[in-house]
Every structure is written in C-alpha cells, then in structure tokens.
Amino acid sequence: MTYALEFQDLTLGYNRHPAVHRLRATIANGSLTAIVGPNGAGKSTVLKGVTGTLRPLEGRIAFGGLARNEIAYLPQQSYVDRSFPIAVADLVAAGLWRETGGFAGLRSIHRQRVAEAISEVGLEGLEKRPIRSLSGGEMQRALFARLLLQDARLVLLDEPFTAVDARTMADLIGVIRRWHGEGRTVLAVMHDFDTVRAHFPRTLMLARKLVAHGPTAQVLTAENQFRARQMCEASAQPPRYRERSAA
Amino acid sequence: MWEILVQPFADFGFMRRALVGCAAISIGATPVGVFLMLRRMSLTGDAMAHAILPGAAVGYLFAGLSLGAMTAGGLIAGMTVALLAGFVTRVTALREDASLAAFYLISLALGLLILSIRGSNVDLMHVLFGTVLALDDAALILLCSIASVSIFALAALLRPLVLECVDPQFLRSVSGLSAMTHFTFLVLVVLNLVGGFHALGTLMAVGIMILPAAAARFWALGVSALIAVAVLVAMLSSLSGLLLSYHFSLPSGPAIILVAGFAYVLSLVFGPVGGLSGRAFPRRYLEA
Numbered sequence: 659m660t661y662a663l664e665f666q667d668l669t670l671g672y673n674r675h676p677a678v679h680r681l682r683a684t685i686a687n688g689s690l691t692a693i694v695g696p697n698g699a700g701k702s703t704v705l706k707g708v709t710g711t712l713r714p715l716e717g718r719i720a721f722g723g724l725a726r727n728e729i730a731y732l733p734q735q736s737y738v739d740r741s742f743p744i745a746v747a748d749l750v751a752a753g754l755w756r757e758t759g760g761f762a763g764l765r766s767i768h769r770q771r772v773a774e775a776i777s778e779v780g781l782e783g784l785e786k787r788p789i790r791s792l793s794g795g796e797m798q799r800a801l802f803a804r805l806l807l808q809d810a811r812l813v814l815l816d817e818p819f820t821a822v823d824a825r826t827m828a829d830l831i832g833v834i835r836r837w838h839g840e841g842r843t844v845l846a847v848m849h850d851f852d853t854v855r856a857h858f859p860r861t862l863m864l865a866r867k868l869v870a871h872g873p874t875a876q877v878l879t880a881e882n883q884f885r886a887r888q889m890c891e892a893s894a895q896p897p898r899y900r901e902r903s904a905a
Numbered sequence: 321m322w323e324i325l326v327q328p329f330a331d332f333g334f335m336r337r338a339l340v341g342c343a344a345i346s347i348g349a350t351p352v353g354v355f356l357m358l359r360r361m362s363l364t365g366d367a368m369a370h371a372i373l374p375g376a377a378v379g380y381l382f383a384g385l386s387l388g389a390m391t392a393g394g395l396i397a398g399m400t401v402a403l404l405a406g407f408v409t410r411v412t413a414l415r416e417d418a419s420l421a422a423f424y425l426i427s428l429a430l431g432l433l434i435l436s437i438r439g440s441n442v443d444l445m446h447v448l449f450g451t452v453l454a455l456d457d458a459a460l461i462l463l464c465s466i467a468s469v470s471i472f473a474l475a476a477l478l479r480p481l482v483l484e485c486v487d488p489q490f491l492r493s494v495s496g497l498s499a500m501t502h503f504t505f506l507v508l509v510v511l512n513l514v515g516g517f518h519a520l521g522t523l524m525a526v527g528i529m530i531l532p533a534a535a536a537r538f539w540a541l542g543v544s545a546l547i548a549v550a551v552l553v554a555m556l557s558s559l560s561g562l563l564l565s566y567h568f569s570l571p572s573g574p575a576i577i578l579v580a581g582f583a584y585v586l587s588l589v590f591g592p593v594g595g596l597s598g599r600a601f602p603r604r605y606l607e608a
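Heads up: the sequence lines are chains A and B, in that order. For the first sequence, the numbering used here gives the first residue as 659, with consecutive numbering after it. For the second sequence, the numbering used here gives the first residue as 321, with consecutive numbering after it.
It is possible that part of the hints are untrue.
Unchecked claim - Pair by pair, the computed Cβ-Cβ distance ranges are:
| # | chain 1 | residue 1 | chain 2 | residue 2 | range |
| --- | --- | --- | --- | --- | --- |
| 1 | B | I461 | A | Y737 | 39 to 45 Å |
| 2 | A | E840 | B | M500 | 43 to 49 Å |
| 3 | B | L541 | A | D823 | 23 to 29 Å |
What the hints assert, rightly or not - If you want the ones that stay clear, here's a sample from chain A, every Cβ over 10 Å from chain B, calculated:
| # | residue |
| --- | --- |
| 4 | N687 |
| 5 | T709 |
| 6 | F721 |
| 7 | N727 |
| 8 | I729 |
| 9 | D739 |
| 10 | L749 |
| 11 | R756 |
| 12 | G760 |
| 13 | P859 |
| 14 | A875 |
What the hints assert, rightly or not - Some chain B residues near chain A, calculated using beta-carbon distances under 10 Å:
| # | residue |
| --- | --- |
| 15 | A392 |
| 16 | C485 |
| 17 | L497 |
Read the hints as simulated data drawn from the structure, not as lab findings. In this text, a Cβ means the ideal position worked out from N, Cα and C, and glycines have one as well.
All chains should be built: construct the whole structure from the sequences, respecting the hints.
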C-alpha cells in the first residue's frame, strides 16, 4: 500500500511538553480520515506537525512523495483575523499562492478560477464583500474556496464544521467527498461522531497517544472512547503556556 | 489667503525644506503605520520609537549632531530592541506588550542619561523633538531615500504582509516567507522611525505614523484606500502644522502631530465607517 503520510514514533509539543507522544500510524494515499479525541488530545498539534509549523521533538513524519506545497491546510477559524479589511475574492485568491508565489500578479485566467471556486462553494455575488461582513458559515465557505484553488494532494482540515450551520456543512461535506473521489488524501480533525460515522471511512483516535486507527466502525467504539478519556485525564499536565502562534 | 497659505513657503527656504521633508515622511512612514495598525502593533511602533533614542544618543556622544552617526546608532538600537523583544517573547512567559514596554522604558532612560552626559538642553530638545525647520540637504536626501525604499518594499511585500495579518497560519503553511516578511516589516518600521526622528524627534516621529492611519480607519475600508487616506491626512497635517507653527511661532513638530491628532478626533466623530456620529444617527440600511 502506498502511503501519503507515515508518523514514525512522532512526538510533538510546546515548550518541551509533549502534546502528542510516540504516535505511529500510516495514512494511506487517497484515504479520507477523521482525527478524533478529547479536548487537548493533540489533534490540531498533529496537523501542525504535518504542515511543518511545529518541529517534532522526537521521531519523524515521512511523506510518501508529497512536496510541501502539495499540502493544503485549513486552520481553525479563530486564527483568521476577520476584522482585516480584505475582500472575499482576495482572500480566496491566496489559494493560488503555489502558482503566483508571493509577488507575481494575477492574470485573467487566475481571476476566472477564483470566480469558479467562489461559485462552487455557493458564494457568488459576495466576491467584493469584506470578510468581516460574512457569517461563520460563509467565512468557512470562502476558506474552502481557497482550499479548492490550492489543488493539493493532501488536505488538512482543523475542525472545519464548528460555527457552521447544517446547510453549509452538507455543502462542504460534498466538497470533501469530491476531493476523496478525485483521489486526494483528506485528514480532518472532527468533533461530531455522527458526521464521522456518516462520511469518513477511516478514523484515528488520539488521546496524546494513539488510541486506535482503522475503519471508523471499529475505532469509534464506546470502549475506545472511554479509554481515550482516561488516558487524557491520566496524563493531564500543568497548563501549557499559550502557543507561539504570533511571530 | 495667498499670504497666509503660500507666502511663508515662497519666502523662506527652510519652510520649503520642511515641507519636502514632511511630505517624504508622510509618503514613507504613513503606509507602514497603516500596517502597524492593521497588525495591532501600534504600541510596538511607539516602543520602537523610544528604543531608537539611546542609539542616536550614542551616535551623538561620539560625533555630535552628525546625521550619519545618529542614523546608524538609531538603526542599530531600534533593530536590537525589536529582535530582543521578539526573542524574549519567544523564550520566556512574558507577553510581547510587556517585554516591549520594559525595553522601551530602559532605552528611554538610557538615552536621556547618555545625552545629558555630554549635551546641552538644546541638544536634548533637538533629539527629542526634532528640527523640521533646520533640515539640510543630506537630511532631505535621507528622508526621501527612506520613503522610496519603504514604498517599494511595501509594494513588493504586499501579498505576504496582508496574509501574515489575516491568516498567519495559512501563510506559514504555503510558504517560508512568513519570518522574512515579519522581519522586513520591522526593518521598515525602524527605518521610517529613524528618518522621522531627524525631522520630528524620537517622541513625535511615531505620531505621523500612527495618527493618520488611525484616522483613515474611519473613512476607508480596503487596504489601498486606507493607505491613500492616511497619506493624504499626513500631508495635510504637515502643511497645516507648519503654517500654524509659522504664524503663531509654535514648535513645529508638536504642531504637526497635534493637527494630525485633531484630524483623528474629527474622523472619530464624523467618519462614516464606525464613527460616533454614525452611531448617534444611524442611516437607513442598504438593501443588497
């Protein structure tokens, strides 16, 4: 089996406090995997490890032939400064970074693709609106449009459906399933087990350590959930300092 | 009218020089100020302005009121404090605002101490409040060069800088430019502050950076519009400040900054984008 990602005894953490300990798992190429676990289980931390924002304290992540710019990452919405005066279309256009880089201008073909991505997530007509005027659901649609333009082989989503209404969630799940159909690998941190059961074939359960990884039905058992909670409480550590996200 | 508005500049070379110098600062420093505001770093700008003082003072200690020595000293001190503050935030539990406050208090005290060791009170006033009415050719060339460098650098950096503000996590996931962007931006802040301090002094230089930007926030929505409005406000403040100081023999640096402050208060009250009057008299909503 070819793999997209392989976590090899991966330990990640902040200020030398491990948040994820000795994780071993293989994410198959083209798989659609949910990462679940209690709060503070290290779910988002794993994604930051994959994007390279966080260096492993120990172990490593092997990429099955993926270049860094073939990975798209959707951070939790709270990291986006919604008050910044930028139009929806400009935020979405940032998804073309791989082609335009930091400095080159947008050509008409690019603008056309931006418009297509925006209409694909159902935001036509809002292109020129500042992002501060969007609702939570509309904002998430805009961020998905940016992901569409990134055209990545590996897509990482961090709690993509918080602060999103049911209609938006259904539409965005449609986008995720299309990615899956196109053979892209998708790894999403998820909260809602019903959504995971309905739409994610594979699940990785974390509680600082690996609890279980495999077909969703075999992972999301009552027994595993109980174990995960116990493991998280057992390894409860002194509160960690805020993440060094602002440079 | 002509006599009040134009005559001073027609008659006196020092007024023309002051106007050119202020225009250069408005063009260079104000857009940087807009980004400081958008990144919620307005106070960082203030702290770095103070941090420049000891560097300039050391330059003064060795070479007197020399443009080159004080510029070099200011640049070195400003960059050192910017980097040290960033470093302290990264490795200790102190937040950036507190560490910046600590650094700027230390450097302000250090700067005043060094200046008073050798200088007279006149020199002290010169460094603290600037000498916009006594800009020589070299100073003007310096101010204009800094403005040019700053405008071109901002234009080149625009996309990464905007993304670094809106969604830093995303920028870090697509490119390695994040750290470089942040650092270059800090360099631009320091450069413009050092330029500004020759004209307006270390205490006032940050005013022309922040006040027009804060005023623009009440008039414009997009980044380019913000920059345009801010530069316009800065230019008009410089012009009216210089005229006020000429006609009423006021110190020119504070006059310019006060006019900019006045523009800010006006915008705060009457600005259409979130100003106070909009609250008091809400207009009918627009139908999309």
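Of all the hints numbered above, which does this structure not satisfy? Sort the numbers upward.
Hint check: 2, 5, 7, 8, 9, 10, 11, 12, 15 fail, others pass.
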